[in-house]
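A.B. asks: These are the residues of each chain, in order.
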Amino acid sequence: MDVLDVARWQFAITTVYHFLMVPLTIGLSIVVAVMQTAWVRTGKAHYLAMTKFWGKLMLVNFAMGVVTGIVQEFQFGMTWSAYSRFVGDVFGAPLAMEGIVAFMVESTFLGLWIFGWERLPKRVHLACLWAASLASTASAYFILSANSWMQHPVGIELVDGRPRLTSIWAVLTNNTAIAAFTHTVSGGFAVAGTFLVGISAWHLWKKHKLSAVDDPDRKVWSASLRLGAWIGMVAFAAVALTGDTQGKLMFQQQPMKMAAAEALCHTEAPASFSIFAYGDVSRPDCENVKSITVPALLSFLAHNDFSTEVKGVQDLTTLYEQKYGHNYPVDPSLGALSGQPIDYVPDLPVTYWGFRFMIGFGAIAAGAALLALWLTRRGRVPRTKWFPRLALLSIATPFLANSFGWIFTEMGRQPFVVVPNPTGVDGVFMYTAQAVSPGVSAGQVLTSLIALTVVYGVLAVVEVFLLVRYAKAGVAGVMPPPGDGDADQKKPDDDVLAFAY
Amino acid sequence: MDLPTLWFWVITALWTGYFFLEGFDFGVGMLTRLLARDNTERRVLVNTIGPVWDGNEVWVIVAIGATFAAFPPWYATMLSAEYLPVLLILLALIGRGVAFEYRGKVDSDRWRHGWDLVILLGSWIPPLGWGLVITGVATGLPIGKDGVLEGGLGALFTWPAVLGALALAGFSLVHGSVFVALKTDGEIRRRARALALRVGPLCLLPMAVLMVLVQVRQGGLVTIVIAAVGLLAGAGALVRLAAGREGQAFALLGVLIASVVVSLFGSDFPTIIASTVDPSYSLTVANAASSPYTLGVITWVAAFGTPAVLVYQGWTYWVFRRRISAAHIPPVHVP
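Respectively, the protein sequence lines represent chains A and B. Numbered according to my numbering, the first sequence spans residues 2 to 502. Numbered according to my numbering, the second sequence spans residues 3 to 337.
Bear in mind the hints are in silico, worked out from the structure with no lab data behind them. Among these hints, one or two may not hold up.
[Said to hold, decoys possible] Derived lysine-lysine pairs resembling DSSO-like cross-links, with alpha carbons at most 30 Å apart:
1. Lys107(B) with Lys123(A)
2. Lys123(A) with Lys473(A)
3. Lys473(A) with Lys220(A)
4. Lys107(B) with Lys220(A)
With the sequences and hints as input, model every part of the structure.
C.D. replies: Below, the structure is given as structure tokens:
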């Protein structure tokens, strides 16, 4: 088996899996920090209950995000050592910064928050959660700066055939990085929004069924649902706006990726946007794609006006061949690809459908949030089962949207691992095939692929099992009933080690 | 001191910090079977490190990240040559972190036994693995062109590397026992101290042998002095523990691990990874360093970031300074 293929599968699986946890961690930890702030400021009991309930779910997920993140930092060196040598001067810096500035803060203050209930002054304890959640957002920023540099290398010169950092500022303020960061964090809030809506809707409906409308926890669920729905709506608007910015940048920086996203074979002016294809989008049949299109919309998405030309896959291929050559360099480290023709077109079905699923699933999540707001207007409670069911199902949609978004953006930059910057320094790019570790065998990578996939699979089952269990148990699951025997000595919120192990 | 040399010592310091901090929480994990007699005692043990293990673990993330930024070939060669040991370490760390968080989430003995096993393996494998990897890298491996390991997996198990694995695991066990004695009260404290005294000499032996071996093979005057200080500190730790001074013993173990890492890394300086195939394939501080600009950038970040890390991590230990015992453990409350 080919090392390159196994290595790409391994990277894809570990990264997409890690990214199932990250958006929920970022979105939910900030939401819980907001809830706790509300509690500290108003002293209202339902805010405390919200903090504890959502905080518990946040922690179950946080643990997985942290441990799967470790693999990310190591696998560049393990499986992609040629890549690491090539880009180390640039790529390592944001990773080191993430460690020192963000990850240290995140993990230390999370521990303080988990174990600090009652032991720290209220405001200090609250500040710990803010520190941990903002640090995890900062973490995302550094990592996305590193990733965006691979999409659009800036701040460098070419010395001895390798990029050398000349401006860390350029790397950290890379327009690609800022667009990716805002888009990704918005996606995190979309996840948190549907998460709140889905679980709260289910509890609200349950309360209705038990006809215990005066249930003390009802306030927890209606407040959570409304909060979640608003977050979901705002997040979706932000996702759309930032996505548009990102798309426009991509038309300039990685035109092939966007042409592939549209399965646009031939250059068009004005170019129409394909909503849905019912032909086979894989080449060479991309000629025969039939799709429902919106005329001139793609031109607008690319350049903000309705008539500009958008380059198609075939013209771009010619351009890339002229600029970067027809064949891979003759180099034994490239194995079977050495000296072979380069295929500059990414996998069309994956990019085309990845782009559409990203947008489609994101839109479903926003629709669910809007519906939730409408159904609970002026204190109403959903009384039919279809809504809580739909809301629960919609929890999955922003996760899917995020995953497809990443698959699209990473697959769309193939065959490059470091994409050439059209306005940057010539010669700074790297083919994915050149990036794998020269000394590592397919067997070793396969071992890690299988081991990690199995472990991740088992842990996914466990995490979902625990999330469902705690979600079902509701407030009672995270706050022990007050006054069991020694009620006199206990303050109402004296569950000191409620979050302890 | 030029920037590459500075960063070589920064990375040495990061590994020292990591082995000192996570060393004791690995030790506590190893002890969950040896020391605890029931679930409450096991919860006492896990809760002694509960608030801090995650912060401790980040030291290795920073060490690896700093290596990537400062010495990309070091990062690339170490991790690709040591592929399978590093994979095992990662799997162990993944399971361990999740296990701490999840073991108390369901009130069932089967559930807890399962996660306890993960904690046990997850606490034994990383010190064994890191001991193997770090000692192997510091004492020389058959590294060929492009950092490719020659001789397969077996080539990683050199004598010093195997000794390093045992040394770090043994150290962690003692360090963890002393930490438990320092952090708990009552019966479990007494047992932890007795255990540390009983197994201490044996568990620290591989580390002593490793230090002597490395110094005989490749030591200089300075590193020999440092190693000697470490050996004295190790012996002193046991003496102070026997006298009931747990805090002093813990601090002396810190001196021991610092001297081990510094003398190990320093005895071949400026070589980072010595190639036993051909010295021209060896990585040195000079030929593996990033550009001065990149080193300058991370130096600024570290100059501001590191003191902050030390302050807030120190504060964490201060907040959770109280000894805990079985009496502090709340009843199980799970849905």
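A.B. asks: Could you run down the list of hints and mark each one as holding or not?
C.D. replies: How the hints compare with the structure:
Between Lys107(B) and Lys123(A), the direct Cα distance comes to roughly 25 Å. Compliance with the 30 Å bound is thereby established for this hinted pair. The hinted pair formed by Lys123(A) and Lys473(A) meets the criterion: a straight-line CA distance of about 28 Å does not exceed 30 Å. With a CA separation close to 16 Å, the supplied pair Lys473(A) and Lys220(A) stays within the 30 Å bound. Proposed proximity of Lys107(B) and Lys220(A) is supported: the alpha carbons are some 26 Å apart, at most 30 Å.
In summary, the structure agrees with every hint in the numbered list given earlier.
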